[in-house]
Amino acid sequence: MNTDMARALDTFLEESRELLEQMEHILLAAESGCLVPDLHALFRCAHTIKGSAGLFGLEGVVRFTHGVESVLDRLRNGEIAFDPALSALLLECRDHIGALVRADCGGNAVPAAVGDGLTRRLQAWLSPAAPAAPLRPTAGEPVAASGGGLLGGADHWHLSLRFGLDVLRHGMDPLSFIHYLGQCGEIVHLETLHEGLPGWRDYDPESCYLGFEIDFKSEASKEEIEEIFDFVRGDATVRILPPHSRVVEAAVVDAALDKQKRGEERKALEARSLKVPSERLDQLIDRVGELVIAGAATQILAEASRQPALKESAANLLRLVEDIRDTTLKLRMVPIGEVFSRFPRVVRDVARELGKDIELKIGGADTELDKSMVEKIADPLTHMVRNAIDHGIEPEAVRLAAGKPGRGTLRLDAYHDSGGIVIEVADDGGGLDCGRILQKARERGLVGPDQHLSRPEIFRLILAPGFSTAERVTNLSGRGVGMDVVKSSVDALRGTLDIESEAGRGTVMRICLPLTLAIIDGFQVALGNNIYIVPLDMVVECIELPPDPGAEYLNLRDEILPLVRLRSLFEIEGPAPARQNVVVVRLGRRKAGLVVDRLLGEFQTVIKPLSKIFDRLQGVGGSTILGSGQVALIVDVPALLGLAARRAEAGEPAG
Amino acid sequence: MALRILDIRPGACLAALEGELTVYQAAALRGEIERLAREHPVLEIDLAGATDADTAGLQLMLMAKRLAGATVRFVNHSPVVLRLLELSNLARAIGDPLVLLSPRNAAATEEKT
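Residue numbers (this note's numbering), protein chains in the order written: chain A, 1 to 655; chain B, 1001 to 1113.
Just so you know, these hints were derived from the structure itself, not from any lab.
A portion of the hints provided could be inaccurate.
[What the hints assert, rightly or not] Derived DEER-like restraints, expressed as beta-carbon distance ranges:
no.: 1; chain 1: B; residue 1: I1005; chain 2: A; residue 2: E359; range: 26 to 36 Å
no.: 2; chain 1: A; residue 1: A297; chain 2: B; residue 2: R1092; range: 33 to 43 Å
no.: 3; chain 1: A; residue 1: S176; chain 2: B; residue 2: T1071; range: 54 to 64 Å
no.: 4; chain 1: A; residue 1: R201; chain 2: B; residue 2: V1075; range: 37 to 47 Å
no.: 5; chain 1: B; residue 1: R1092; chain 2: A; residue 2: C184; range: 18 to 28 Å
no.: 6; chain 1: B; residue 1: R1092; chain 2: A; residue 2: P242; range: 22 to 32 Å
no.: 7; chain 1: B; residue 1: A1048; chain 2: A; residue 2: R287; range: 22 to 32 Å
[Unchecked claim] According to the in silico footprint, chain A covers these stretches of chain B (three or more CB under 8 Å from chain A):
no.: 8; stretch: 1025 to 1038
no.: 9; stretch: 1042 to 1049
no.: 10; stretch: 1074 to 1080
no.: 11; stretch: 1085 to 1098
Computed from a predicted structure; not experimentally measured.
Think of the CB as a built atom: it goes at the ideal place given N, C-alpha and C, for glycine as much as any other residue.
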């Protein structure tokens, strides 16, 4: 396969993914009964996938989709009605189409038996009188094979009218013909094609540029309809397609397809969005990162030069660079709805499997966050949603006995909060059982028998690896894997996970994430001649270290903080200065003091990942390049807080 | 003059169409719309007085909407214009707010005329 073909196939893959998503959306809406499903759109999705697959000669996809399409066609024409069994079957078919498409585009092969089984089940929806039309899948003419479906319902005439430029000058008015046509039958649908209009300069008000596509319902014969247009014969092209027609002139189909395509293009234009490969964006952000560094270097030189004009211009430059940085980072922002959109299906499937009735409410789907985070947060969120349905929401009988509505509610919410994004998964289930969690934790030796824990601390126990309070292991969850994976995924994104729960009322799991991973505001500190950077949003305050060499703890206004001496951690050589400082950092509820030599102040920092060979380095999360060209290491605060906590557990008790 | 100027405000002009929105006036209207739109960024054309309309008139409305550098709005569509828009299914493409053509409204529009 040459590269052009491969690229086209990529486009096809992308396009079918979008269409399949749309199908899923419509089918789920149909199933929930809350909306009148757009059956035409549903049909169009399948039809377009089949057509494009035909172009690539993907016969498997064409054959299977054709069967689905036949059922959708009957559905669309009102010959059969939606019921739960049908929508469930169609959802399965949708998944199968997706699997087939992926298989043809280099994915895993799909066993033929699955498709055959589905096709057999689909047959039940095709009446014996109207079996699926035999199909000759020929690459290049996929549309013609599917007949008039595209041009409206099968029981209408379809008229395609193209008028010549001079028709108005000849004293004829196309619309008056159409008006007359309307009196001989019913115009079901009319589309005026005005794409032929020229630019204003070339526009002759006495020329006709319009064309019409008309769905027309009438008892009249073809000759009678043709007669209506006898007067304009010389000035117009009139094509008339009888009802139930399956033989379509390619030109008419092309015109209609063209029209449809133009409509789509226009829509795309209206959306005013642009698809850009993400690696290009990454390159841009990388460049902007360099720009930030270079700008900072200029700023330092300007400061040193003591020339006011130069200083001012450097300050201006830096401000612009910061603007560009912010704008560029925004380019990577995508609405979290991209992730949320998969959940209606997940909830439906899981709820069905467990025999629960659950309503999913989604809020804040427009909230934006970094594209790379969207990808990484999807799996943890799925875990949490499954957990909430399985363990959180009680079976209907239990709910009714507790005086709650039988239908459980699961809420997914996202919103921006102080420079970060918060994602909530909330259920109105039974809540977490503190007693049982504590009991399990004691059994497993996670908590000492006399140790007293606050409620939030108890809730946090469920994040421990292998922890499960479920009495029964289900297919979905309860094996005790999951929440610890969620926790580590969130940690990896520099986020926090909080749990709130009230017995009998439900549970809220709240993930807080930073908006981006690429650039942070940093706080520079020095150890000997080396410069380190602490992420500024984690810095609470800075104080001077009280002269008590070797102290492991610091009493800060009666709050005991563990101290982490970065000098010894990073094995800095040379004597420590007489006076050292403490940077108090916080992440979630954990706090610690980092002991450093000197405080240097704020600095905008572009995070450069460390290469693999530094993986084993403790307490360092990345590197950056300073304006002076010097390399500075970024302190991994969550890791240091973990270290401090572990030391507190192992060593003498805090306080 | 196919267009009678009713009001001129800074940046905007309100004009009323007199006579027909048809092929017979289309050339004249094209010129006048072009001239007025060049002088006024917003041109509002009152169609209450349109006594007849045809394909050429419809085309003119579509074209006026595409005129670069100016916003042309049509208001007070007379019943005959409304009927034409309905027949051609172009109300959305032209995009001006319309009073739906129910018999009552049509009568009200005619009264105004």
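Going through the hints against the structure:
1. In this structure, I1005(B) and E359(A) break the distance hint of 26 to 36 Å, their C-beta atoms being roughly 59 Å apart.
2. The supplied range of 33 to 43 Å is broken by A297(A) and R1092(B), whose beta-carbon atoms lie about 56 Å from each other.
3. Restraint check, S176(A) to T1071(B): a C-beta distance of roughly 31 Å breaks the suggested window 54 to 64 Å.
4. At roughly 27 Å, the beta-carbon separation of R201(A) and V1075(B) lies outside the given 37 to 47 Å, and the hint is violated.
5. In this structure the supplied range 18 to 28 Å holds for R1092(B) paired with C184(A), their Cβ-Cβ distance being about 26 Å.
6. Take R1092(B) and P242(A): their Cβ atoms lie about 29 Å apart, and the range 22 to 32 Å holds.
7. For the pair A1048(B) and R287(A), the beta carbons lie near 58 Å from each other, so the given range of 22 to 32 Å is not met.
8. Remark: the stretch 1025 to 1038 of chain B is confirmed as covered by chain A, as 5 of its residues place a Cβ nearer than 8 Å to a Cβ of that chain, reaching the required three.
9. Only residues whose C-beta sits within less than 8 Å of a C-beta in chain A count toward coverage, and the stretch 1042 to 1049 of chain B has 0 of them, not enough to reach three; the restraint is violated.
10. Taking a C-beta to C-beta cut-off of 8 Å, the stretch 1074 to 1080 of chain B contributes 0 residues in contact with chain A, too few for the three needed, and the coverage statement is violated.
11. Interface restraint, the stretch 1085 to 1098 of chain B with chain A: holds (5 residues with C-beta to C-beta distance below 8 Å; minimum three).
Consistency note: the structure conflicts with the earlier hints numbered 1, 2, 3, 4, 7, 9 and 10.
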